[in-house]
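**Q** Chain by chain, the residues run as shown.
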Amino acid sequence: LNSLEYDKVESVRQGKVIEIGLSETSEELATTSIQEMCEKLLANTVIESYEIEII
Amino acid sequence: MRAAVIIFPGSNCDRDMLSALRLAGHETVQIWHKETELPKNIDLIAIPGGFSFGDYLRCGAIAAKSPIFKEVIRHINRGGYALGICNGFQILTEAGILPGILQQNIGTKFISKVLDLRVNNTSSTFTHKYATNSIISIPIAHHEGNYFASKDDLKNLRDKDCIAFEYIDNPNGALDNIAGILSENHRVLGMMPHPERHIDNAHGCQDGYPFFEGLLQTA
Numbered sequence: 001l002n003s004l005e006y007d008k009v010e011s012v013r014q015g016k017v018i019e020i021g022l023s024e025t026s027e028e029l030a031t032t033s034i035q036e037m038c039e040k041l042l043a044n045t046v047i048e049s050y051e052i053e054i055i
Numbered sequence: 001m002r003a004a005v006i007i008f009p010g011s012n013c014d015r016d017m018l019s020a021l022r023l024a025g026h027e028t029v030q031i032w033h034k035e036t037e038l039p040k041n042i043d044l045i046a047i048p049g050g051f052s053f054g055d056y057l058r059c060g061a062i063a064a065k066s067p068i069f070k071e072v073i074r075h076i077n078r079g080g081y082a083l084g085i086c087n088g089f090q091i092l093t094e095a096g097i098l099p100g101i102l103q104q105n106i107g108t109k110f111i112s113k114v115l116d117l118r119v120n121n122t123s124s125t126f127t128h129k130y131a132t133n134s135i136i137s138i139p140i141a142h143h144e145g146n147y148f149a150s151k152d153d154l155k156n157l158r159d160k161d162c163i164a165f166e167y168i169d170n171p172n173g174a175l176d177n178i179a180g181i182l183s184e185n186h187r188v189l190g191m192m193p194h195p196e197r198h199i200d201n202a203h204g205c206q207d208g209y210p211f212f213e214g215l216l217q218t219a
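Protein sequence lines correspond, in order, to chains A and B. Reading the first sequence from the start, the letters are residues 1 to 55 in the working numbering. Reading the second sequence from the start, the letters are residues 1 to 219 in the working numbering.
What the hints contain is simulated information worked out from the structure, not anything from laboratory work. Only a predicted model underlies this, so the values are computations on that prediction, with no experimental measurement involved. Incorrect hints may have been included.
[As the list claims (entries may be wrong)] Under the rule of at most 25 Å between Cα atoms (straight-line distance), these lysine-lysine pairs were calculated in the BS3-like manner:
1. B:K109 to A:K40
2. A:K16 to B:K109
3. B:K65 to A:K40
4. A:K16 to B:K65
5. B:K34 to A:K40
6. A:K40 to A:K8
7. B:K151 to B:K129
8. B:K160 to B:K113
9. B:K65 to B:K34
10. B:K129 to A:K40
11. B:K113 to B:K151
12. B:K109 to B:K129
13. B:K160 to B:K109
[What the hints assert, rightly or not] Examples of chain B residues lying across from chain A (beta carbon under 7 Å, computed):
14. K40
15. K65
16. I101
Backbone N, C-alpha and C fix where the C-beta goes; we use that ideal spot for every residue, glycine too.
Okay, chain A solo, but in the shape it has when bound (with noise of 0.2 Å):
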């Protein structure tokens, strides 16, 4: 990116972003949920961090 003029650009990092849709309506049990999934099967938390986000 640097070398296309983007002179601001200090760092760069790409990720996943996984989309789930959940017939919860409690916050709380849909965050404690999603993240059994994710130590379960969505992240490998040997290399990877993960963050969960509630739309």
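We have chain A already, so just place chain B on it with the hints.
**A** Chain B in isolation, oriented as in the chain A frame:
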């Protein structure tokens, strides 16, 4: 030995695995990943190479959660033998059976070539036919073979003599040149190289044959 070869959508080394096991005199059965039970009296579970579930999410991650895997884990927890080659190794790490993970190769390219391995552990059922520190020629073919483990896991692997094979000339950036590791009880082995591709005269090399031959006898 009676061996079960587990097949996932995208497995492509299952027939090679079957041939190698049969050539060495083992009885084999093929198991589809959707099965929920293993046949009785299985001694060894063999997880072949390939691209299970198209490597979606992470290599081996989805296969490690497939229906048959509950039984695979039960077999291993009972002290049963298991072998994972290439994608099979990735699946065993994703299932948490073996420590660490296989990351993308340094250089980001798929590498397919024949290279030399040092046999470090020669006491396991998989490796006891080899002389300690012998150098064997075995093909590799992978894109995610760059082994990584935490400091604690690596120390544990060393302390418990769990590093089975090392690359002489590291092709993929693997930590400490690790090409294959054993579980603590030395009954589960995962490795990126393909010993089943060097078993027959027609392969031009038979350095992989002792690997399968040794499974007949207890180490």
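**Q** Now tell me if each hint is right for this structure.
**A** How the hints compare with the structure:
Only pairs whose Cα atoms come within 25 Å are accepted, and K109 (chain B) paired with K40 (chain A) is rejected, the gap being roughly 29 Å. Straight-line distance between C-alpha atoms of K16 (chain A) and K109 (chain B) comes to about 21 Å, which keeps the hinted pair within the 25 Å bound. Among the hinted pairs, K65 (chain B) with K40 (chain A) is consistent with the structure: their alpha-carbon atoms are about 9 Å apart, no more than 25 Å. Distance hint between K16 (chain A) and K65 (chain B) is fulfilled; the C-alpha atoms sit about 20 Å from each other, no more than 25 Å.
This hinted pair checks out: K34 (chain B) and K40 (chain A) have alpha carbons roughly 19 Å apart, not beyond 25 Å. Among the hinted pairs, K40 (chain A) with K8 (chain A) is inconsistent with the structure: their alpha-carbon atoms are about 38 Å apart, more than 25 Å. Simply put, K151 (chain B) and K129 (chain B) have alpha-carbon atoms about 30 Å apart, too far for the 25 Å limit, and the pair is violated. For the proposed pair K160 (chain B) and K113 (chain B), the alpha carbon gap of about 30 Å is over 25 Å, so the pair is violated.
Distance hint between K65 (chain B) and K34 (chain B) is fulfilled; the C-alpha atoms sit about 11 Å from each other, no more than 25 Å. Taken as a hint, the K129 (chain B) and K40 (chain A) pair is broken in the structure, with Cα atoms around 37 Å apart against an allowance of 25 Å. Simply put, K113 (chain B) and K151 (chain B) have alpha-carbon atoms about 29 Å apart, too far for the 25 Å limit, and the pair is violated. For the given pair, K109 (chain B) sits about 33 Å from K129 (chain B) by alpha-carbon distance, which is inconsistent with the 25 Å threshold.
Of the supplied pair hints, the one linking K160 (chain B) and K109 (chain B) is violated, its CA atoms being roughly 32 Å apart against a limit of 25 Å. Interface restraint check: K40 (chain B) against chain A, minimum CB-CB distance 30 Å, threshold 7 Å, status violated. Interface restraint check for K65 (chain B): the shortest CB-CB distance to chain A comes to about 6 Å, inside 7 Å, so the restraint holds. Hint on I101 (chain B) holds. Least Cβ distance to chain A is approximately 4 Å, under the 7 Å limit.
Checked against the numbered hints above, the structure violates hints 1, 6, 7, 8, 10, 11, 12, 13 and 14; every other hint is satisfied.
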